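As they're listed, the protein sequences go chains A and B. Counting from 1, position 71 in the first sequence corresponds to residue 71 in this note's numbering; the numbering is continuous, with no gaps. Counting from 1, position 73 in the second sequence corresponds to residue 73 in this note's numbering; the numbering is continuous, with no gaps.
Just so you know, these hints were derived from the structure itself, not from any lab. Quantities reported herein were computed from a predicted structural model and do not represent experimental measurements.
If chains are identical, the list can't say which one is meant, so a pair holds when it fits in one copy or spans any two.
In silico lysine-lysine, DSS-like type, Cα no more than 30 Å apart, as pairs:
hint	residue 1	residue 2
1	Lys111	Lys22
2	Lys179	Lys142
3	Lys226	Lys189
4	Lys226	Lys59
5	Lys226	Lys115
6	Lys43	Lys59
Number of protein chains: 2
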Amino acid sequence: MQPFLMIAKVGGNIVDDAAQLKSFLQALATIPHPCILVHGGGKVATQIGDKLGIVSHYKDGRRITDDATIDLVTMVYGGLVNKKIVAALQALGVNAIGVTGADANAIPATKRPVKALDYGWVGDVDSANIPIAVWQQWLMQKYLPVVAPLTHDGVGHLLNTNADTIAASLATALAPYYKVRLVYCFEKKGVLLDVANEASVITRMNRTYYQQLLNDAVLFDGILPKLSNAFAAIDSGVHEVLIGHANDIVQNSTETTIGTLITND
Amino acid sequence: MQPFLMIAKVGGNIVDDAAQLKSFLQALATIPHPCILVHGGGKVATQIGDKLGIVSHYKDGRRITDDATIDLVTMVYGGLVNKKIVAALQALGVNAIGVTGADANAIPATKRPVKALDYGWVGDVDSANIPIAVWQQWLMQKYLPVVAPLTHDGVGHLLNTNADTIAASLATALAPYYKVRLVYCFEKKGVLLDVANEASVITRMNRTYYQQLLNDAVLFDGILPKLSNAFAAIDSGVHEVLIGHANDIVQNSTETTIGTLITND
Numbered sequence: 001m002q003p004f005l006m007i008a009k010v011g012g013n014i015v016d017d018a019a020q021l022k023s024f025l026q027a028l029a030t031i032p033h034p035c036i037l038v039h040g041g042g043k044v045a046t047q048i049g050d051k052l053g054i055v056s057h058y059k060d061g062r063r064i065t066d067d068a069t070i071d072l073v074t075m076v077y078g079g080l081v082n083k084k085i086v087a088a089l090q091a092l093g094v095n096a097i098g099v100t101g102a103d104a105n106a107i108p109a110t111k112r113p114v115k116a117l118d119y120g121w122v123g124d125v126d127s128a129n130i131p132i133a134v135w136q137q138w139l140m141q142k143y144l145p146v147v148a149p150l151t152h153d154g155v156g157h158l159l160n161t162n163a164d165t166i167a168a169s170l171a172t173a174l175a176p177y178y179k180v181r182l183v184y185c186f187e188k189k190g191v192l193l194d195v196a197n198e199a200s201v202i203t204r205m206n207r208t209y210y211q212q213l214l215n216d217a218v219l220f221d222g223i224l225p226k227l228s229n230a231f232a233a234i235d236s237g238v239h240e241v242l243i244g245h246a247n248d249i250v251q252n253s254t255e256t257t258i259g260t261l262i263t264n265d
Numbered sequence: 001m002q003p004f005l006m007i008a009k010v011g012g013n014i015v016d017d018a019a020q021l022k023s024f025l026q027a028l029a030t031i032p033h034p035c036i037l038v039h040g041g042g043k044v045a046t047q048i049g050d051k052l053g054i055v056s057h058y059k060d061g062r063r064i065t066d067d068a069t070i071d072l073v074t075m076v077y078g079g080l081v082n083k084k085i086v087a088a089l090q091a092l093g094v095n096a097i098g099v100t101g102a103d104a105n106a107i108p109a110t111k112r113p114v115k116a117l118d119y120g121w122v123g124d125v126d127s128a129n130i131p132i133a134v135w136q137q138w139l140m141q142k143y144l145p146v147v148a149p150l151t152h153d154g155v156g157h158l159l160n161t162n163a164d165t166i167a168a169s170l171a172t173a174l175a176p177y178y179k180v181r182l183v184y185c186f187e188k189k190g191v192l193l194d195v196a197n198e199a200s201v202i203t204r205m206n207r208t209y210y211q212q213l214l215n216d217a218v219l220f221d222g223i224l225p226k227l228s229n230a231f232a233a234i235d236s237g238v239h240e241v242l243i244g245h246a247n248d249i250v251q252n253s254t255e256t257t258i259g260t261l262i263t264n265d
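Kindly generate the complete structure, drawing on both the sequences and the hints.
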């Protein structure tokens, strides 16, 4: 039987809120099985960038990552956010190790090709070349890897990389070796039928139901990229994907009654 | 026979200079034996701190590390400087992994006790509790650990920590298992008899000669903390310490003719 592995992604809204982050990490520390945590960036990068006079440019909701911006997010995501989470987990007795995709070449990537738009120093994960043995060794050594949303291109450049995508790529790469539950932690109780009503959580979703919801256009825009990543992961062999509130879903990491569970059947 | 291990510390003057850093890392990449790199911070933290409105306070040449400053150095040393070095080494074919003392609890420390002066979030390395197995595993896995000058107190705080001291503490902790050469890389050719004359390198120094030089007061002030660390390391079982120019001494990592070699005899 494959060992269970939880890959949890926690977003910027939680990372930005010290009290919520603390509560989330306390819940995470109680999980008795192997785990990888991928964190997003949060608004702190924008705030620090503003002070440094770095102007953020956005296109289609994505930050264009110029030279100043990749330095900024390397500092903030790879340094400040990542190491604070690591120190907090260590204080909770969890042997966390903070990494980017450059460390141990753990997440190889390529700079996104310039087409209509040049995203700058943005990375597309090279999922097929993720070094499985590196992650297996870390998990065997009982580390909890804490992954910042940064990769590298192998020729010396760090690349700003979507944290949801990193989590899904790791889940996919490790799916042949672990029974992977990919967990997207955010500030809502799950995927909601009515975005204004936290009680309208969809508890279970397969692709047929997802397609029906898409056809009915009832899902809120913000959840669509997560669901797209989730189903791509499921299609690639990830056992299940859970989407829900940060505190709920890590506390019940082997239960399936909280949040929205996405499966293949 | 114990395996050879080089622990190199590279200072802020090299880290701040892109061309010198590149040259140093290229030399480091040619070394055929296990290596750990400890890097200093450099002036970039001060420059970024100035832009962020963080005022640096110094006492006895040491920065007082208040809340804003520990966040600053966590960003700059743990993020920007560390990850850029890692990405550059990866591009040179070296499997670097960037860590602070918090990662994998690799360098436990305690906040410096408040006596006449409160240094703030500054760490004193708890050398006796450095987890040897963690470092041995990383070296066995052919990683080149790149260590930022940050430790943690085990209760959730990161601590600003002198890079020379981290290098010496690691050298001491690993000395029973490796034939350790501790290398202090800086911008001079070695310890100079005449600080104005780069040709006046002292090629070999033992404690007797060191004491004589101290009595004669011929050494320049900047080298004294390095020498103090160096002899403390030698006294604790480190095989030898080499002090010299960044490029020279890593290129000749098993030669003893370049820089100042400090030994027990």
